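Novice: Next come the chains, spelled out residue by residue.
Number of protein chains: 6
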Amino acid sequence: MVKELSLKADLLVQALPYIQKFNNKTIVIKYGGNAMTTDLLKDAVIRDIVLLSLVGINIVLVHGGGPEITDMLNRVQKESVFVDGLRYTDKETMDIVQMVLCGKVNKNLVSLINSVGGKAIGMSGMDGGMINAVKIRNGDKEYGYVGEIVSIEPKIVNDVIEKGYIPVVSSVAQGIDGSEVYNINADTVASELAVALGAIKLILLTDVKGVMLDPSDEDSLLSHISASDIADLIERKVINGGMLPKIECCLNALNGGVERTHIIDGRIEHSILIELLSDEGIGTMITI
Amino acid sequence: MVKELSLKADLLVQALPYIQKFNNKTIVIKYGGNAMTTDLLKDAVIRDIVLLSLVGINIVLVHGGGPEITDMLNRVQKESVFVDGLRYTDKETMDIVQMVLCGKVNKNLVSLINSVGGKAIGMSGMDGGMINAVKIRNGDKEYGYVGEIVSIEPKIVNDVIEKGYIPVVSSVAQGIDGSEVYNINADTVASELAVALGAIKLILLTDVKGVMLDPSDEDSLLSHISASDIADLIERKVINGGMLPKIECCLNALNGGVERTHIIDGRIEHSILIELLSDEGIGTMITI
Amino acid sequence: MVKELSLKADLLVQALPYIQKFNNKTIVIKYGGNAMTTDLLKDAVIRDIVLLSLVGINIVLVHGGGPEITDMLNRVQKESVFVDGLRYTDKETMDIVQMVLCGKVNKNLVSLINSVGGKAIGMSGMDGGMINAVKIRNGDKEYGYVGEIVSIEPKIVNDVIEKGYIPVVSSVAQGIDGSEVYNINADTVASELAVALGAIKLILLTDVKGVMLDPSDEDSLLSHISASDIADLIERKVINGGMLPKIECCLNALNGGVERTHIIDGRIEHSILIELLSDEGIGTMITI
Amino acid sequence: MVKELSLKADLLVQALPYIQKFNNKTIVIKYGGNAMTTDLLKDAVIRDIVLLSLVGINIVLVHGGGPEITDMLNRVQKESVFVDGLRYTDKETMDIVQMVLCGKVNKNLVSLINSVGGKAIGMSGMDGGMINAVKIRNGDKEYGYVGEIVSIEPKIVNDVIEKGYIPVVSSVAQGIDGSEVYNINADTVASELAVALGAIKLILLTDVKGVMLDPSDEDSLLSHISASDIADLIERKVINGGMLPKIECCLNALNGGVERTHIIDGRIEHSILIELLSDEGIGTMITI
Amino acid sequence: MVKELSLKADLLVQALPYIQKFNNKTIVIKYGGNAMTTDLLKDAVIRDIVLLSLVGINIVLVHGGGPEITDMLNRVQKESVFVDGLRYTDKETMDIVQMVLCGKVNKNLVSLINSVGGKAIGMSGMDGGMINAVKIRNGDKEYGYVGEIVSIEPKIVNDVIEKGYIPVVSSVAQGIDGSEVYNINADTVASELAVALGAIKLILLTDVKGVMLDPSDEDSLLSHISASDIADLIERKVINGGMLPKIECCLNALNGGVERTHIIDGRIEHSILIELLSDEGIGTMITI
Amino acid sequence: MVKELSLKADLLVQALPYIQKFNNKTIVIKYGGNAMTTDLLKDAVIRDIVLLSLVGINIVLVHGGGPEITDMLNRVQKESVFVDGLRYTDKETMDIVQMVLCGKVNKNLVSLINSVGGKAIGMSGMDGGMINAVKIRNGDKEYGYVGEIVSIEPKIVNDVIEKGYIPVVSSVAQGIDGSEVYNINADTVASELAVALGAIKLILLTDVKGVMLDPSDEDSLLSHISASDIADLIERKVINGGMLPKIECCLNALNGGVERTHIIDGRIEHSILIELLSDEGIGTMITI
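Protein chains in written order, with my numbering: chain U, 1 to 288; chain R, 1 to 288; chain F, 1 to 288; chain W, 1 to 288; chain X, 1 to 288; chain Z, 1 to 288.
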């Protein structure tokens, strides 16, 4: 019994150098709807975050919520119009997006963090004028209330970190004229926020292993990609589909001064702790 | 021209003693869905709040959102079950309530405040573990996820006030076991928060003139009621219907140390400023 | 009645964007003896200053006191000697100047500010070693204890602003060797102090409308002069006499980084508020 | 040479325990006009004060200025009216009193402190609303603008001490209605201020040795009187004349919690340092 | 591999509620010479302490050093004189004790903490005047420079904790007259310091399992003793010998407001972490 | 009597400008074993330091302890091996060095400071990771645990100064890999610490008068040497022997930005005060 406890304690102590390395540093974690698959996994992610916060690491949690949005749109029987394969976000849809992200997903994450003893505060890109956006445009195509970030004012995030809270951020922004609200890609919000906050790490929690040479072979995972490899990997179609914008978010963060970016598998229990508190890490790390 | 400006300036200067009186004091304002009738009125309320905040008064804005909730329930074709005339809030309804209050009404108020140059931060009773509640019970009757407040932890509100933000609070609370969410009457949240924050004033913005001896005669408005008058006024049915719980919230605040409570008409433009920055005041003031 | 109050409140709200613009900024106001004509006007100026201070603008009030000095010199039957049209300030005269400015005008302004609920602290250029001066010289001419500023140490002004007081400054300086006291032109003190404090605005309150193309025609007021116009206006004698040194003080402030300088008419009630809290402004603004 | 310096250093070191005893404590010193006899003595007093301030003792200097006031009244040929032997202070006289105290004596002390490297800030009872007074009355007799203290707000004194300045206070107060100015006995101001500041010591610098059994015999000095001895000493006329009100000021301070009060001879060079930094002390100490 | 890491991470997360419980609380640990048996164990103790410090628990480490003292006395061929079985500490011995504790054991612990990334500061009871003692007396018997604590001034410990250091304290005190140095029992120092600091826990790291009913049977360990059991356990000789004074130190701490005290086995790796971060705990807990 | 006290006070006041000059500045004093000759002298040095600390000068005391080390080595009958005239410091010797410096000399100085009312905290180069060193090498010669400084982390010294303590520093450092301890020349520690702390003065207290042209003639003392004179003085053997490394330490400090360095005679009572608080100074000053 004591032997077992002693071994457990030894594992804790092994985390010491990692905890020291990240002490008082800021890490932005994007936690996507696709990685929120089971309550058990969600609970593990939340406990990881509260633990990291407690050992002195400033965690900023950015979330999306695709599945919940789709679910709600179905419930109000809102049919989607697609433009070039992208869902057109009309005013009514944007209202639903805002409600689901800021009112449901965000507050549920806050509640979960509270329930395991953390102190979270939920916020959107509107709060404190944090994220300012304009309508995205692509030639003469219109996607409605889908925005791109014009500027980030990270003061409110730093203010609540300083007061000891874990900020949980919805990927919704205000229009630069203050009257409209835009839906922003959550990976992009995480990436830009990491830059604005001077974070040392950006972690995108997804539902894949990482970048794989052969998607059918888990052993083909690339555990480390440097920025210079990326063009070649795209050409070879190793990076494609939904992975492409994620890699771009990582590159954007790296160019903005973030030291390391990671695409890790949220379906593996405690993948965040594994990434941060072991040498082996998990998933794919992208660095300059 | 100059003469006109000079007269305007004189009006500003007349506000001086009132501004001095409330400087650095906390005032809780409940802004209800029924008082949010037109965009023009909403804009006037918001500008009042930003102005008061700028002149050094700590405003805490608590909101409900009945009409928007009803609207959303209709859209998802959720039929309401009533228990003794009270809507039964099942889990599905509670989800809608949470989404509408925290995701729509709250963030829209935050956006409005930002758009006139204020710095707001929206929060619910879950954020920072602010409001803890249990299921309301009335004998063996069940109203579902309707809660009553067990405790308030005002630290998060004071923290964001200290950092210079205007807190905007949704009347949704977490269960004391951390796993459920409850809908709380917004007047009650405002009243209890006023006590917990040591506010000097509680203002309930409604869609009536105040307490009137004869509802059909506007001149019969009672501009001042003292707590000792209330039992008699209830017996004489002067205070009845929806006014009853509001008066109770005022009494609760007075008993908790709040100096003055007010029921004022949100349909009158700038009614908050009129109340705070003139001798005449507006609506009905209830004091010990 | 309520309608009237509502209109008044609307005027207050119109001041909102101006208050926001100057929030937490420093503005130096020179309030000269010639603009202190009636108690009513003095009261209006003082209320303007207290209001601005209360809404978060850091006001520094610099004053002279020519008429009171003349009055006191007459009472002690001190005859004035003139050198090239400038009054020679002998030791005895300097004593009177110091007493009148620091002991009478300064403390009366402090008292007035207190009486309307502000918190003022009076000081001279000697207090905290704020203003250091040497005897002014013009070839071999001597003007006695008339000084020019060698250096300004604004720490004491910032210290009292930080503690929430309105500094009221007499235009008297100490000699750089610490043993003598010099009379300094109050406009010059205001201008140099504005530079030393990093003020965004310098306002000279005078007894004229501003710079006028034709002094006999009030409609010929120049509401905006840019620095590059000044040489021409001097040559055309539009700027002449007592206006010349005032314009020089403005130029000096502009060169030192002050954004905008104003010469406004202290005889108009609330001219300071009109200048700061309206688009139209008042008097003549001089900018780079 | 070195031997001499070594002896000097030894004297410095002997002051160590006294400096430690008063470190970070507040001492109020009343420095009266009669003790400001020569420039040399004034210089010694000022250097004492700056030294004490530098070694971490919070000195508050209160001054009067009788001789300068008389001198100025003579210069403006103002004749004095006496009521029961007390000078009646009409409005004109009060103006002179204010100017001389706040504008001349106060600023000259500030200048002197600056000139030996201290940082002083001069203030009156009007600044920061420090001293509030009403007209003194004695039955139906009227003394004009002679006031008695109603309340002291010591915040401004503590604020400037905290910022590192030596406050120099003129004994002039504002009327409680804010519109009048009153002359207050400087000993009384020092005594009340010592109480309001929680000072541990009150020192009245005068032009006598202290309380003497036989005024013609310097060896008859009473170096220590306890409060219980006073009634007897008054009856025996040992304490009489101008000493009576001084003793009353000491008693008032002792009753207000000041530990020790002293009446010492300002004509002896460095009498303040001798009192504070030696066992022998100087003059008469009055304690409970 | 990932599975293994995931399990490890799960162990970390299990520590979460314990870490939260002790967050920002003070725990005093006595680490005795007898428990410093091997470098491996010492290393494990040190890593436990650094980890606890990093997760926001204020650890104060008190140490003795019996074996090292004995070793040094042998090296200088100092023979010990015994009084009633207690070693008499003459001046020469005290010098050695001070040197070994403050110069060797203390600094080696500081070095060890630094070497695993902690920030320690070593101090004795002399530093900052922390521990004041007098010579212990027992009738007319004399034990030399063995002291008992008269007073503890914990300010220096709180000061260095506030600055982020782990205080390491040698059990040597200054005489109350400032001229002598006394050796104090390290358990006593730990107990008194726990009281003075308002610690919630006192942990005595020893070389025994805890209190055992039968010393030859490890399964007879008493895992929890309440204060009321102790008299009986002493009478039954369950608590005897070297355990007696340790139990007294625990009782003293409990009486002084420390919530829980522990006697645990320093020979078990990570016994501190096991005690703090598991439900089972280790060794014997003594509570009120 | 009073006359005498008045003269004494005058001496105190003469120190005023010197105290002002060094107010809030840092001065590093090396106090060597050779200058600790008598208890009387030690007491004088300590009182000088406490007085300087009390008047707002930040004193950092660095000490060696050659004679005590030699004494202890003799007691343990450790024979010294010499390499090129330098004592070889084996592990056993290093242990003794550490114990004597950190455990005896350091704590005795701390005790002495406390006994005259100062607040000292003793520390070594290991505490807070302050001094990091490597083994000194000279070609293939080995001197054992004699180190040279690689880096200084002055944070711990500034932290304790900020909290109001006088840091007393032993010249022992940790190896850069954290596992070894090195003996460092105390003059070197003082010099490097002065640079790292941005001190304005370095004072080396020795047992000689200073640099003398003719060692047998005290009148040949050079009271001021500028850096450019040194090469010539070395060539002329005026600077030789033990003075050479001291002069090098001074040069190193000067090159690192320290304004003035001094070699003064610790055998003269109050030599530190004489140096700091008189124009004449004492010993030899070396400047750029």
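FYI, nobody ran anything at the bench for these hints, they're computed from the structure. Fair warning: this is a prediction, and the values are worked out from it, not measured in the lab. Wrong hints could be hidden among the right ones.
Which copy is meant is left open, because identical chains are indistinguishable; a pair holds if it fits in one copy or across any two.
Taking lysine-lysine pairs in the BS3-like style, the calculated list, with each CA pair at most 25 Å apart, reads [to be verified]:
1. Lys-42 x Lys-91
2. Lys-8 x Lys-155
3. Lys-21 x Lys-3
4. Lys-237 x Lys-155
5. Lys-119 x Lys-3
6. Lys-42 x Lys-155
Novice: 25 Å Cα cut-off: does Lys-42 pair with Lys-91 within a copy, between copies, both or neither?
Specialist: Answer is between; shortest inter-copy Cα gap is 20 Å, intra-copy 31 Å.
Novice: Between Lys-119 and Lys-3, at a C-alpha cutoff of 25 Å, which is it: within one copy, between copies, both, or neither?
Specialist: Classified as neither: same-chain Cα gap 34 Å, cross-chain 29 Å, threshold 25 Å.
Novice: With identical chains, the pair Lys-21 and Lys-3 could be close in the same copy or across copies; at 25 Å between alpha carbons, which is it: within, between, both, or neither?
Specialist: between (29 Å within a copy, 24 Å between copies)
Novice: Within a copy, between copies, both or neither: where do Lys-237 and Lys-155 come within 25 Å Cα-Cα?
Specialist: neither (40 Å within a copy, 52 Å between copies)
Novice: Between copies, within a copy, both or neither: which fits Lys-8 and Lys-155 at Cα up to 25 Å?
Specialist: neither (40 Å within a copy, 35 Å between copies)
Novice: When no copy is named, should Lys-42 and Lys-155 be tagged within, between, both, or neither for a Cα gap of at most 25 Å?
Specialist: Neither: 28 Å inside a chain and 27 Å across chains, both beyond 25 Å.
Figure legend: structure checked against the earlier numbered hints; hints not met, in rising order: 2, 4, 5, 6.
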